[in-house]
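Residue numbers (the numbering used here), protein chains in the order written: chain Z, 1 to 321; chain H, 1 to 321.
Please keep in mind that the hints were generated in silico from the structure rather than gathered at the bench.
Please note that the accuracy of each hint is not assured.
Said to hold, decoys possible - Straight-line distance between alpha carbons at most 27 Å, and here's what the computed DSSO-like set of lysine-lysine pairs gives:
| hint | chain 1 | residue 1 | chain 2 | residue 2 |
| --- | --- | --- | --- | --- |
| 1 | Z | Lys-238 | H | Lys-318 |
| 2 | H | Lys-318 | Z | Lys-318 |
| 3 | H | Lys-261 | H | Lys-272 |
| 4 | H | Lys-261 | Z | Lys-261 |
| 5 | Z | Lys-272 | Z | Lys-238 |
| 6 | H | Lys-221 | Z | Lys-261 |
| 7 | H | Lys-318 | Z | Lys-317 |
| 8 | Z | Lys-317 | H | Lys-222 |
| 9 | Z | Lys-272 | H | Lys-238 |
| 10 | H | Lys-238 | H | Lys-221 |
| 11 | Z | Lys-318 | H | Lys-272 |
| 12 | Z | Lys-221 | Z | Lys-243 |
| 13 | Z | Lys-317 | H | Lys-261 |
| 14 | H | Lys-272 | H | Lys-317 |
| 15 | Z | Lys-318 | H | Lys-221 |
| 16 | Z | Lys-272 | Z | Lys-221 |
| 17 | Z | Lys-318 | H | Lys-261 |
| 18 | Z | Lys-238 | Z | Lys-261 |
Stated by the list, open to error - Restraint ranges, calculated between C-beta atoms of paired labels, are given here:
| hint | chain 1 | residue 1 | chain 2 | residue 2 | range |
| --- | --- | --- | --- | --- | --- |
| 19 | H | Ala-281 | Z | Glu-44 | 54 to 64 Å |
| 20 | Z | Gln-307 | H | Glu-276 | 15 to 25 Å |
| 21 | Z | Thr-182 | H | Asp-311 | 40 to 50 Å |
| 22 | H | Asn-160 | Z | Gln-305 | 37 to 47 Å |
| 23 | Z | Asp-163 | H | Asn-258 | 50 to 60 Å |
| 24 | Z | Gly-279 | H | Tyr-278 | 28 to 38 Å |
| 25 | H | Thr-123 | Z | Lys-261 | 21 to 31 Å |
| 26 | H | Lys-261 | Z | Asp-215 | 48 to 58 Å |
| 27 | H | Asn-258 | Z | Met-124 | 20 to 30 Å |
| 28 | Z | Lys-261 | H | Glu-44 | 52 to 62 Å |
| 29 | H | Ala-52 | Z | Glu-44 | 40 to 50 Å |
| 30 | Z | Glu-245 | H | Asp-218 | 50 to 60 Å |
All residues carry an ideal CB built from backbone N, CA and C; glycine is no exception.
Read off the chains here:
Protein chains: 2
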Amino acid sequence: MKRRAAPVKRKAAVPDECLCYKIFMPIIESIPNVSEGRRRDVIERLAGAVRATPGARLLDQSSDPSHNRSVFTLAGDADSLEAAIVALFAVAVDAIDLRQHQGEHPRVGAVDVVPFVPIEGATMADCVALAKRVGAVVAERFHVPVYLYEEAASDPARRNLEDIRRGEFEALATKLASPGWTPDFGPTSPHPSAGASVIGARMPLIAYNINLNTDRLDVAKKIAAAIRHSSGGMRFVKAMGVKLEDRNLAQVSMNLTNYEKTPVFRVFEMVKREAERYGVAVLESEIVGLVPAAALMRSAEYYLQLQNFSDAQVLEKKLAD
Amino acid sequence: MKRRAAPVKRKAAVPDECLCYKIFMPIIESIPNVSEGRRRDVIERLAGAVRATPGARLLDQSSDPSHNRSVFTLAGDADSLEAAIVALFAVAVDAIDLRQHQGEHPRVGAVDVVPFVPIEGATMADCVALAKRVGAVVAERFHVPVYLYEEAASDPARRNLEDIRRGEFEALATKLASPGWTPDFGPTSPHPSAGASVIGARMPLIAYNINLNTDRLDVAKKIAAAIRHSSGGMRFVKAMGVKLEDRNLAQVSMNLTNYEKTPVFRVFEMVKREAERYGVAVLESEIVGLVPAAALMRSAEYYLQLQNFSDAQVLEKKLAD
Chain Z
1 MKRRAAPVKR KAAVPDECLC YKIFMPIIES IPNVSEGRRR DVIERLAGAV RATPGARLLD
61 QSSDPSHNRS VFTLAGDADS LEAAIVALFA VAVDAIDLRQ HQGEHPRVGA VDVVPFVPIE
121 GATMADCVAL AKRVGAVVAE RFHVPVYLYE EAASDPARRN LEDIRRGEFE ALATKLASPG
181 WTPDFGPTSP HPSAGASVIG ARMPLIAYNI NLNTDRLDVA KKIAAAIRHS SGGMRFVKAM
241 GVKLEDRNLA QVSMNLTNYE KTPVFRVFEM VKREAERYGV AVLESEIVGL VPAAALMRSA
301 EYYLQLQNFS DAQVLEKKLA D
Chain H
1 MKRRAAPVKR KAAVPDECLC YKIFMPIIES IPNVSEGRRR DVIERLAGAV RATPGARLLD
61 QSSDPSHNRS VFTLAGDADS LEAAIVALFA VAVDAIDLRQ HQGEHPRVGA VDVVPFVPIE
121 GATMADCVAL AKRVGAVVAE RFHVPVYLYE EAASDPARRN LEDIRRGEFE ALATKLASPG
181 WTPDFGPTSP HPSAGASVIG ARMPLIAYNI NLNTDRLDVA KKIAAAIRHS SGGMRFVKAM
241 GVKLEDRNLA QVSMNLTNYE KTPVFRVFEM VKREAERYGV AVLESEIVGL VPAAALMRSA
301 EYYLQLQNFS DAQVLEKKLA D
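Only chain Z is shown next, with the shape it has when bound in the complex:
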């Protein structure tokens, strides 16, 4: 049987006759969150900037008019992603004025947060280096102050996005001037319309919401407080209770920041049990955006009590290996 060459970790010349359809370059993912969720023309310009960048792929986009925020999912090699993010900034800084911006989701910048996530063949170190490079470039080109966060943070006290963003755009001038909050790149005063940006590197996270069969927001808030790490819950869970006005439902809205260590199924079971205390059932759950296959595989294994299961047993994976 012909042996295949091992996957190459550097950009290689791809012959035109190559008819295969799997990516074989080191892949990094980026999930820029931009403070525009209502004006379709601006959202299209933002998506267009990514699509026009050679080597960058726009995997997914979603916009939330209540949040007035859009989330784009990009993948590609480091250089292509740098170019795509710079192009995204160019549109955002031109089109978005935070002095006019209102929405349910906290924000500090037109381009609010840009995480880089290692996927195939890339390391966290690669992503940290990329975050720093991109941070320096956008600060210089667009005169936007940049804070590095998570794995790229220059200070343990500045790892957490919520801590950096606290006060939002409106309190940014004060924050930038205060001790311990000098930005990692760029000016020590906010960009007048684009604010500041938070750029970093982290593991993949899962945006996971559980809708409860109730309209009682207080129940969702109590469950969120029970389950999130900050107030005593599981280590890699961020959570808040929100009300879905259009459906009259309470929702526990979560980010699972390390699905390998704090898995989806354990979070689900805990929310379900906490809801029972209030006589409330789980109506449904939803994943927003992309999810690594392993997160769902581990859930199936858990509920089916699967023993000795290996991802190598998945047919599609075996065929692609």
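Let chain Z serve as the given structure and place chain H on it in line with the hints.
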């Protein structure tokens, strides 16, 4: 962004410089079940016969000493698979003597059953044609009677593997001589040591076992009778109760023949509930061989009550598209 060429459905010349690693020829899968699960040297010879066949890939193998049976999963184009199965027969007919064979799993041949399953770009008709071709070849070369089954069956009464195999090797001479049981290829008397073989074409199935936390074989048999289609249970389930002597456990051993219509999680829940009636818990479950990703994804969706989930949200799939 560079557009990828669409996947080609015919064998194409692959340049040596092509560094990609996804198969792009029409793919058929074959899952030969061979009556040897104890002698490692024989099992290695069987695997080696497949590996030595150009164009055939050995995706998976598993052996069960209690069943005294091994299951190999192969993939490739029709011609390569024909060569691999013939090579497998050569080893099995030489090394396995059913007159000395004892094991928990019913068997009628040294190579007991050989299904062909359409995967990428291949059709059921391709697989039926291949089954007939291989059946004729092995019958002629090894003097083994061959019955065609499932989609390749020459008679609706001979579709079902259990009906063909009933009586096993020990009653084969009688069966071969009885009306309605003339083999599709080969002699009307058993091969003295290799018995007969059953060859055919079918949709992918999942070999799924549930181990109960008991040594009571009667419990496993009752649950198997409750869950399998033939005695009143779910439509696409075949099941039997077996005893795992080495672990002193009772097992419900199943084939799920249409996991889209009769899904894994529904079968699991029913077995679990039936076991409760006997005061028995499910200890664990296991998948033998390969499983389509969708079967596990649907299970995760079920237990997590996932709403509006699409496979397009799976990161790895998105990257491969």
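Consistency of the hints with the structure:
1. For a cut-off of 27 Å, the pair hint linking Lys-238(Z) to Lys-318(H) stands: about 26 Å separates their Cα positions.
2. In summary, the hint linking Lys-318(H) to Lys-318(Z) is supported, as the alpha carbons are separated by about 17 Å, within the 27 Å threshold.
3. The straight-line distance between the Cα atoms of Lys-261(H) and Lys-272(H) is roughly 19 Å, inside the 27 Å bound, and the hint therefore holds.
4. The hinted pair formed by Lys-261(H) and Lys-261(Z) fails the criterion: a straight-line CA distance of about 33 Å is larger than 27 Å.
5. A distance of roughly 17 Å separates the Cα atoms of Lys-272(Z) and Lys-238(Z); the hinted pair therefore holds under the 27 Å criterion.
6. The hinted pair formed by Lys-221(H) and Lys-261(Z) fails the criterion: a straight-line CA distance of about 39 Å is larger than 27 Å.
7. A hinted pair counts as satisfied when its Cα atoms are at most 27 Å apart, and Lys-318(H) with Lys-317(Z) qualifies at roughly 14 Å.
8. Between the alpha carbons of Lys-317(Z) and Lys-222(H) the distance comes to roughly 36 Å, so the proposed pair goes past 27 Å and is violated.
9. Distance check on the hinted pair: Lys-272(Z) and Lys-238(H) sit about 34 Å apart at the alpha-carbon level, beyond 27 Å; violated.
10. Using a Cα cut-off of 27 Å, the hinted pair Lys-238(H) and Lys-221(H) holds, with the two alpha carbons roughly 12 Å apart.
11. Distance hint between Lys-318(Z) and Lys-272(H) is unfulfilled; the C-alpha atoms sit about 30 Å from each other, more than 27 Å.
12. At roughly 10 Å between alpha-carbon atoms, Lys-221(Z) and Lys-243(Z) fall within 27 Å of each other, so this suggested pair holds.
13. Distance check on the hinted pair: Lys-317(Z) and Lys-261(H) sit about 23 Å apart at the alpha-carbon level, within 27 Å; holds.
14. Distance restraint check for Lys-272(H) and Lys-317(H): the Cα-Cα separation of roughly 32 Å exceeds the 27 Å cut-off, and the hinted pair is therefore not satisfied.
15. For the hint pairing Lys-318(Z) with Lys-221(H), the CA-to-CA distance comes to about 33 Å; that exceeds 27 Å, so the pair is violated.
16. For the hint pairing Lys-272(Z) with Lys-221(Z), the CA-to-CA distance comes to about 14 Å; that is within 27 Å, so the pair holds.
17. Under the criterion of a C-alpha separation no larger than 27 Å, the hint pairing Lys-318(Z) with Lys-261(H) is consistent with the structure, at around 24 Å.
18. Of the supplied pair hints, the one linking Lys-238(Z) and Lys-261(Z) holds, its CA atoms being roughly 14 Å apart against a limit of 27 Å.
19. Here the CB-CB span from Ala-281(H) to Glu-44(Z) is close to 55 Å, well matched to the stated 54 to 64 Å.
20. Here the CB-CB span from Gln-307(Z) to Glu-276(H) is close to 20 Å, well matched to the stated 15 to 25 Å.
21. Remark: the range hint 40 to 50 Å for Thr-182(Z) to Asp-311(H) is upheld by a beta-carbon distance near 46 Å.
22. Against the hinted window of 37 to 47 Å, the Cβ-Cβ separation of Asn-160(H) and Gln-305(Z) comes to about 30 Å, which falls outside the hint.
23. Our hint of 50 to 60 Å for Asp-163(Z) and Asn-258(H) holds, since their Cβ atoms are close to 52 Å apart.
24. The beta-carbon spacing between Gly-279(Z) and Tyr-278(H), approximately 33 Å, falls within the hinted interval of 28 to 38 Å.
25. A hinted range of 21 to 31 Å for the beta carbons of Thr-123(H) and Lys-261(Z) is inconsistent with their spacing of about 44 Å.
26. A C-beta distance of roughly 37 Å is found between Lys-261(H) and Asp-215(Z), which places it outside the suggested range of 48 to 58 Å.
27. Take Asn-258(H) and Met-124(Z): their Cβ atoms lie about 43 Å apart, and the range 20 to 30 Å is violated.
28. The hinted window of 52 to 62 Å between Lys-261(Z) and Glu-44(H) is violated, with their beta carbons roughly 39 Å apart.
29. A hinted range of 40 to 50 Å is violated for the C-beta pair Ala-52(H) and Glu-44(Z), which are about 56 Å apart.
30. Our hint of 50 to 60 Å for Glu-245(Z) and Asp-218(H) holds, since their Cβ atoms are close to 57 Å apart.
Violated hints for the displayed structure, listed by number in ascending order: 4, 6, 8, 9, 11, 14, 15, 22, 25, 26, 27, 28 and 29.
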